[in-house]
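Chains F and H are the protein sequences, given in the same order.
Going by numbering that gives the first Met the number 0, the first residue of the first sequence is number 0, and it counts up by one from there.
Going by numbering that gives the first Met the number 0, the first residue of the second sequence is number 0, and it counts up by one from there.
Certain hints may be false.
Identical chains share a label here; the pair holds if one copy fits it or two copies do between them.
In the BS3-like style, the derived pairs of lysine-lysine whose C-alpha atoms are separated by at most 27 Å in a straight line are [said to hold, decoys possible]:
1) LYS9 - LYS158
2) LYS79 - LYS9
3) LYS80 - LYS3
4) LYS179 - LYS80
5) LYS3 - LYS179
6) LYS179 - LYS8
7) LYS182 - LYS80
8) LYS9 - LYS213
9) LYS79 - LYS212
10) LYS79 - LYS24
These aren't lab readings, by the way, just hints derived from the structure by calculation.
Number of protein chains: 2
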Amino acid sequence: MEVKTILLKKSVFEDNDLSAAKLRKELADKGVFLVNVMSSPGAGKTSTLVALINELSSSYRIGVMEADIDSDVDAVTVAKKTGCPSVQLHTDGMCHLDAEMTRQGLNELGDGFDLIFLENVGNLVCPAEYDTGASMDMTILSVPEGDDKPLKYPLIYSKCDLVLINKIDALHYFDFDLEKCEKNILYRNPSATIIPISARRGDGIGAVVQYFKKILDQGE
Amino acid sequence: MEVKTILLKKSVFEDNDLSAAKLRKELADKGVFLVNVMSSPGAGKTSTLVALINELSSSYRIGVMEADIDSDVDAVTVAKKTGCPSVQLHTDGMCHLDAEMTRQGLNELGDGFDLIFLENVGNLVCPAEYDTGASMDMTILSVPEGDDKPLKYPLIYSKCDLVLINKIDALHYFDFDLEKCEKNILYRNPSATIIPISARRGDGIGAVVQYFKKILDQGE
Chain F
0 MEVKTILLKK SVFEDNDLSA AKLRKELADK GVFLVNVMSS PGAGKTSTLV ALINELSSSY
60 RIGVMEADID SDVDAVTVAK KTGCPSVQLH TDGMCHLDAE MTRQGLNELG DGFDLIFLEN
120 VGNLVCPAEY DTGASMDMTI LSVPEGDDKP LKYPLIYSKC DLVLINKIDA LHYFDFDLEK
180 CEKNILYRNP SATIIPISAR RGDGIGAVVQ YFKKILDQGE
Chain H
0 MEVKTILLKK SVFEDNDLSA AKLRKELADK GVFLVNVMSS PGAGKTSTLV ALINELSSSY
60 RIGVMEADID SDVDAVTVAK KTGCPSVQLH TDGMCHLDAE MTRQGLNELG DGFDLIFLEN
120 VGNLVCPAEY DTGASMDMTI LSVPEGDDKP LKYPLIYSKC DLVLINKIDA LHYFDFDLEK
180 CEKNILYRNP SATIIPISAR RGDGIGAVVQ YFKKILDQGE
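Assemble the whole structure, with the sequences as input and the hints as a guide.
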């Protein structure tokens with residue numbers, strides 16, 4: 000499937016926090032809810048989005064932006080498996096997205112969406128340092144990575160509204176303590192919502208769908 | 000087990016390539032072989048190092064530097080499971096190590112080593128952009144991350160001498176094509192050595208041990 004790939008230009012604006020606040024306000028005024036999705040490489044961002052979108056797309060107009068340094072495999076996967084408008088953003092080697100880069104992607108995606116997912120570069124460090132202007136931040140931690148990740152990567156867990164613990168279908172196979180992991184996440188952010196899921200098998204996807212419906216419907 | 004943790008200072012030198020070349024020369028003159036170990040978070044850097052060190056430590060004097068943004072779990076694990084001198088480096092929020100930060104760690108570790116492993120911050124983007132001054136670069140890609148990682152993160156795979164594909168004991172459980180993964184790695188770097196391993200079960204560790212023995216013994 001053909002999807003459009005955009006090479007993002009480096010931002011010329013110096014104050015990213017200001018650009019992010021401006022973008023967030025504009026999105027709110029237009030009634031668009033933008034979710035910034037972060038995780039390690041290979042934690043399952045794309046497969047989680049596919050599972051979520053297939054449950055949400057009958058109720059909301061959804062768009063997707065897939066950021067990567069190279070390749071368009073994720074945007075193609077999303078377009079093919081959900082039918083939703085999807086653009087691939089190439090970061091020109093950059094390890095994160097900022098608000099102006101996000102704006103470039105949104106301009107390309109166009110108008111008419113209730114909900115837009117922005118899949119950030121797979122990286123637990125730099126994406127957390129740059130406000131994208133999103134309405135909320137979501138992080139996915141996967142079971143094979145280990146339950147100690149929130150201890151090693153403080154910032155991303157401390158700023159996330161929602162943390163999904165993915166690949167719980169593989170819990171029996173890895174030395175991963177779910178309770179300890181939840182404790183480690185809450186140590187970084189006591190108000191985080193934590194939902195264990197298996198994007199592959201479908202566990203927990205219903206709870207995440209409810210989480211988003213609650214937010215989106217209260218805006219009506 | 001008590002291990003020393005050092006908070007690295009940000010580098011004041013502007014030309015990292017120059018600092019790295021200088022450090023590499025000094026290490027060669029002292030007969031120290033420094034391995035820069037990179038991967039995604041949770042790909043198994045620490046468990047791979049433990050498995051390797053336990054096979055190599057009877058023949059070589061080995062030291063370990065564990066870099067993380069926070070926590071000292073990795074340095075404690077290495078010290079406890081191998082008995083080797085190990086220091087924890089805290090990067091003060093930084094997403095990578097450069098040559099001067101590596102030098103600070105080496106100064107703390109002290110002299111008298113044949114082989115030193117530097118476990119970089121878990122990140123497939125930024126660590127690849129900064130030469131640490133190491134004698135070689137090694138990347139670990141783990142099966143649960145997916146066989147497409149070399150397509151998405153070009154630089155780290157293009158600059159690595161050795162790529163270990165870890166967690167092959169979980170191959171039956173994930174949608175991972177070993178042959179396709181090897182092809183993707185070689186697409187980025189045709190001269191990379193690729194060794195599939197399971198740090199947990201021990202598969203392939205012998206081949207990696209032979210790889211290092213060959214390099215270290217030719218220096219005698």
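Are there hints from earlier that the structure breaks, and if so, what are their numbers?
Violated: hints 2, 6, 8, 10.
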